[in-house]
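Chemist: For reference, the chains in residue letters:
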Amino acid sequence: MNKKIVYVVVCWNNSDIIGECLESLEKQTYSNSSIIVVDNNSSDNSVEFIEQKFPDVTIMKMNKNYGFSKANNIAINKILSDSSDVDYVGLINSDARLSETWAENMISFVTKKRNLACAQGTTLDYYNDSIIDSTHIYVSRNGSAVQGGWKKYYKGEFGPKKIFGVNAAAALVSCRFIKDQPRQKLFDESYFMYLEDVDIALRSTLSGWDNYLVPGARAWHMGSASTSKRSSSFSLYYTYRNNLGMLIKNFPVSVLIKVMPRLVKGDYLTIKHLRRTNQSRLIYTLIKGRVVSILRSPIYLIKHFSVTHHKINKKYLWALMINGF
Amino acid sequence: MRINTFILKLFPASSGRRTILINALKRVGVPIGQPDLNYHHWFEQLERSKQSNSDNLKHRPLISIIVPCFNTPEYEFMEMVYSVDNQSYDNWELIIVNVSTEKNKFQYIDKASDIDERIKVFSADNVDIPTNTNFGIKHAKGDYIGFLDHDDTLTSFALYETVKIINNDPEVGLIYSDEDKVDANKRIYSDPFFKPDFSLELLENVNYITHFTIVKKSLIEKVEYMDAQCNGSQDYDLFLKIVDLGVSIVHVPLVLYHWRKTKNSTASNIFNKKYIFSSGKRALNQHINRLGLKGEVLILENLPGFYKSVYKNNDKITIVFLRQGSVIQQALYIRQWLKINGHNKRISKILVSSKLSLGDDVDPRISSFRHTHDLVDELKRSEGCSVFYNGFYKLNGSAKTWLDELVSSLEKKDVFSVSPIIIDKNNVIIGGGYYKEANEGNLRTILSGIKVGVDTPVGYSGFVRNVVAPNTSFFAIKNLNIGKSINSLLDPLEHSKIATKKHMRSVLWTHIHAIDLGHDIDFRSDYPALECGKSTYKLAQLPEIEEVAGE
Numbered sequence: 001m002n003k004k005i006v007y008v009v010v011c012w013n014n015s016d017i018i019g020e021c022l023e024s025l026e027k028q029t030y031s032n033s034s035i036i037v038v039d040n041n042s043s044d045n046s047v048e049f050i051e052q053k054f055p056d057v058t059i060m061k062m063n064k065n066y067g068f069s070k071a072n073n074i075a076i077n078k079i080l081s082d083s084s085d086v087d088y089v090g091l092i093n094s095d096a097r098l099s100e101t102w103a104e105n106m107i108s109f110v111t112k113k114r115n116l117a118c119a120q121g122t123t124l125d126y127y128n129d130s131i132i133d134s135t136h137i138y139v140s141r142n143g144s145a146v147q148g149g150w151k152k153y154y155k156g157e158f159g160p161k162k163i164f165g166v167n168a169a170a171a172l173v174s175c176r177f178i179k180d181q182p183r184q185k186l187f188d189e190s191y192f193m194y195l196e197d198v199d200i201a202l203r204s205t206l207s208g209w210d211n212y213l214v215p216g217a218r219a220w221h222m223g224s225a226s227t228s229k230r231s232s233s234f235s236l237y238y239t240y241r242n243n244l245g246m247l248i249k250n251f252p253v254s255v256l257i258k259v260m261p262r263l264v265k266g267d268y269l270t271i272k273h274l275r276r277t278n279q280s281r282l283i284y285t286l287i288k289g290r291v292v293s294i295l296r297s298p299i300y301l302i303k304h305f306s307v308t309h310h311k312i313n314k315k316y317l318w319a320l321m322i323n324g325f
Numbered sequence: 326m327r328i329n330t331f332i333l334k335l336f337p338a339s340s341g342r343r344t345i346l347i348n349a350l351k352r353v354g355v356p357i358g359q360p361d362l363n364y365h366h367w368f369e370q371l372e373r374s375k376q377s378n379s380d381n382l383k384h385r386p387l388i389s390i391i392v393p394c395f396n397t398p399e400y401e402f403m404e405m406v407y408s409v410d411n412q413s414y415d416n417w418e419l420i421i422v423n424v425s426t427e428k429n430k431f432q433y434i435d436k437a438s439d440i441d442e443r444i445k446v447f448s449a450d451n452v453d454i455p456t457n458t459n460f461g462i463k464h465a466k467g468d469y470i471g472f473l474d475h476d477d478t479l480t481s482f483a484l485y486e487t488v489k490i491i492n493n494d495p496e497v498g499l500i501y502s503d504e505d506k507v508d509a510n511k512r513i514y515s516d517p518f519f520k521p522d523f524s525l526e527l528l529e530n531v532n533y534i535t536h537f538t539i540v541k542k543s544l545i546e547k548v549e550y551m552d553a554q555c556n557g558s559q560d561y562d563l564f565l566k567i568v569d570l571g572v573s574i575v576h577v578p579l580v581l582y583h584w585r586k587t588k589n590s591t592a593s594n595i596f597n598k599k600y601i602f603s604s605g606k607r608a609l610n611q612h613i614n615r616l617g618l619k620g621e622v623l624i625l626e627n628l629p630g631f632y633k634s635v636y637k638n639n640d641k642i643t644i645v646f647l648r649q650g651s652v653i654q655q656a657l658y659i660r661q662w663l664k665i666n667g668h669n670k671r672i673s674k675i676l677v678s679s680k681l682s683l684g685d686d687v688d689p690r691i692s693s694f695r696h697t698h699d700l701v702d703e704l705k706r707s708e709g710c711s712v713f714y715n716g717f718y719k720l721n722g723s724a725k726t727w728l729d730e731l732v733s734s735l736e737k738k739d740v741f742s743v744s745p746i747i748i749d750k751n752n753v754i755i756g757g758g759y760y761k762e763a764n765e766g767n768l769r770t771i772l773s774g775i776k777v778g779v780d781t782p783v784g785y786s787g788f789v790r791n792v793v794a795p796n797t798s799f800f801a802i803k804n805l806n807i808g809k810s811i812n813s814l815l816d817p818l819e820h821s822k823i824a825t826k827k828h829m830r831s832v833l834w835t836h837i838h839a840i841d842l843g844h845d846i847d848f849r850s851d852y853p854a855l856e857c858g859k860s861t862y863k864l865a866q867l868p869e870i871e872e873v874a875g876e
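Order-wise, the sequence lines are chains U and A. Using the numbering used here, the first residue of the first sequence is number 1, and each one after it goes up by one. Using the numbering used here, the first residue of the second sequence is number 326, and each one after it goes up by one.
Bear in mind the hints are in silico, worked out from the structure with no lab data behind them. Where a beta carbon is used, it is the ideal one built from N, C-alpha and C, also for glycine. Any given hint might turn out to be false.
Claimed, not checked - With the C-beta cut set under 7 Å, the calculated list includes, among others, these residues of chain A facing chain U:
(1) Asn396
(2) Glu399
(3) Ile440
Only chain A is shown next, with the shape it has when bound in the complex:
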């Protein structure tokens, strides 16, 4: 750091040369300048406000925290042990499974039991992380088990906040919290991850639960502890098993865990640890089997730790193009759509407004409707799902099987509707799902204005999320859930009310990116030559839309 500040002093502040130098060094990876301490100060204030005693808890169960320690460096080990020792809640025990092979490290880890009588150190031979952890769980006496990595730290109010949740809901099976990162060498906190409330779809996309998690011990025994065959994703496998038991999962919306940024962490070597992803895929496949459904799990190669869980069914799909734009615009759009997607044999019907004339021999599955409210009777008679288009969308880089993928999320019986994520030409999110604002209850678009594929404090912008309402201009829904009126499905607030009433959830399926073409579609740049009637027009020569309408 000293050398960096010295170099900076050679370049006067606010000069162009300094900016160029800083950017160049940052790109190479040199830590330059002061770290961003905004979040750090916010966290310190949070800690000050939470420094109270834990006297007002009626039920004070014993929480066992399990830490397998394999050759932990001394500084990180001390920070970890004292972070548990300094908990404001006092009914805990810390089970350290000492599997170290280096003699000096083994010794100071072994001595940790001198610090407090609630710290217990058990020595064992190192097998792998799941086996080491199971060894610790079997020695634990608490009703609840918490998992801690050997070089991470807990906030001082972590156990107090989780026991508060247990007091409110004694039957809770799994509690998870938000986390942030702590610098390798100093106690500087950064990069928080404020997690969403429990979402099964997100858990099938990535193990977002990670730390800090507390699970009821009886449930761990029920699922036969951690699976050594899922080494690398053993916690992912455990969480999926607990979730499939149907117990209540609660999210504590507070940062309770600091994840240390060290060279020994998984993140820096993640591309070398391919066994992690194959065991994650295995865990997800077992989860799909437990649900009694058929499905397929794909490892996303460019996103380590992320998976695409696609359920399979053979439902018939109805495509509904609601009346949008000018007649010619929509006609051209639908013809192009059919050219790209018409081969899909699961499409049984394509419903188009009677005001359009597409031509007689475009596709035998096309039938027309006069008014939107006629659709209800039409759809209720068909089984399967429907995909509603209430605008013009073009898919960006999605697989040929995107349609099957989109409706696959509806396979779970609690899922009401699905929509892809809507982006503009610059990959910026402009739609896809709504969340409810805290104060007035207005619906707002999730992550609007953020580029798709970046990390944010509320998670990666490409997470598959549960939303209050999907994008109501392009979504899929099972026909039996459609209800009495199509118009109420097209309004986000009404849509959300219907879903909530049925105790169902909607999904933002971010594996499919749809560009919203708006109403000023420039067919010239987006679509190549189209067949329109009997003549072929090169789009550069396409005259004004209004003139062609008369033909």
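For reference, chain U alone in the conformation it holds in the complex:
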């Protein structure tokens, strides 16, 4: 019980769903914890609702919508500067909830792993216990990010497994890893939305840290609850806009050279698929995203040189990029 964990939940007009999330955090059997909610200038009554129902929760009120990455970074900065005895940060989405023993299972597992950056359990669909939301995330050999296990049937607990990266819906991050990041910033704020957790996955795995899938740490996640109000072209645009930059920033050149032809082939196949499934209007979004990512690539080229020197064995990395573990 001597490791301290602080949960960080970002809220943006989520008053309808954040109640269950915070309730599950307060019910954790592992008691050496505290909760911070970062409110991205919600226009509904989220803040009043939390202040009333969950008085023990610390609320950080932002004066504008800083987005997911920056909001998390602000909270983590406060945690690290307030007290130096916090060992783990729990990143929990507002549309996720945890089982009672999540923290207990997690912490008993991660205390054995000195080299651990992030950890997650098998996250199931919020409304259907037999469908998986995610087990891990990874970048495949054609450069695209994949959410492992998505929409697959749950047939038994996975792990423990060393995985490529962790889905930020219900994740545990070690403060040792955060302190090792440039300027102690966990998330890269240049992505407005999408692929920030993949960026963390790449950064951690490529510099020799380990990410794990922990058996028994159960969480449930709705998936895209906050953005489902927008169209799917929003997510598609931002994914393609961020993808190239993420690859340029993180990958060593030799791996990038191997990925590029596969990336082009992947785009071609995606466009073909969109035409076949009568979604041709999204092709424009995809191309626009790619073009913008090429225009933004100098930013990430500069960031490439500030990233920690690559430590992972390149053959092992290439093998990891098939299934993510």
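With chain U fixed as given, assemble chain A onto it according to the hints.
Modeler: Chain A only, in chain U's frame:
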């Protein structure tokens, strides 16, 4: 791979030119075409079905896995370490004995202890594999020791399955499992080896146990750890010592270990490492001594890693030719047999049916019997062993001492009967031993239809095996085990029941190949001129058998 697929595209599919090209390239050794992924997919399904937690185990002992690491390449090392780290069973420790001499390799091996607190790295000076391993065993705190090579991987359910066995049988001394191969560069699994349940005769033929093996630590201490003098076959020596302690040996019928196909492995340089075979021979000789018996171990030159362990005794041998074929056929056969084998001084009696007339002066050891059931009394009065012939067999390329070799397996007191492996003219196995089918319990011939001397997923087809019943038309048995009726020995199912009742086992001795000549023996091609009575017939001129019978 890219160049190969490009070349293939120049030749249209299903054309004769493409087949010729593929065969030519395969013979040269170029990896062409897609690898066979049948087994790989089967294994992935197995892994998915075994992905459960290990919560339902009552007894959770600490398992220490020992890995001596000498300049392990980084990719292989990472795969090995994470394969232990990702075990579903959690009470393990990984002892890495870092004996690397290259500085950068030493460093990343040393850092492995950061990955998990159960991984412990000890540095030492490199001596040889047994000494390095013993160093690791002495630092181990677990009750059980598992052995892992520095570039191989365990399946994620390996420790769970072995601890399940320990829960069922707390006194088990050694547990071994099946294994398969993993590609040098990718995670593609192939070439499984589904091992038989524990067989001492097979262990004396080849070290088939290899990986993945877990031994109780107290037993390793009892046999004084690994013997540095058996460097090259130190695990073989250890297993033989553990087996000779008489503890229970259990086989886990699951693939728990992936053996990496790399250029650094023993297999590719095996012809250069002759010290492996001499130390294996040494280990086997010590094993025979421990059993209190006399014997001889031969290294099989054309089969690296295989040995022939022949026990010695001076028992008298009785040969029994049961009535088969026509009178002339059998007479000719027996005369030819005596010409080839009659010199053996251990043959004390040759029993032949009274219906045959071989001639008066063929061999003084011949005596006749009227009915099969008379044989029991005859044999019970003699000591030693008997070899039963209930058909016509010709030995293929066997040594002159084949008869001594055949009965030598009976020297161990738990061995009921032995038979050689029965093949046809094309070297295809048609008999030799029976196994019991799982569902109905029918007896079927082991490896029937497979050529002798090829690798199969159930092992090399030339393995010496324990069988439920031997080939009952050509087998050897000790006279004191014969029992009440010869006919029950001649029926495989009855034979197996008698052996099981006595808690004994039968052996398929594959070092001797016997061709089944059937009943349509063509003496003309198989046997040269025979002496028959007082005249010599050249077999090309031998008239129809029926006509000669009247003579």
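Chemist: Which numbered hints turn out to be false for this structure?
Modeler: 1
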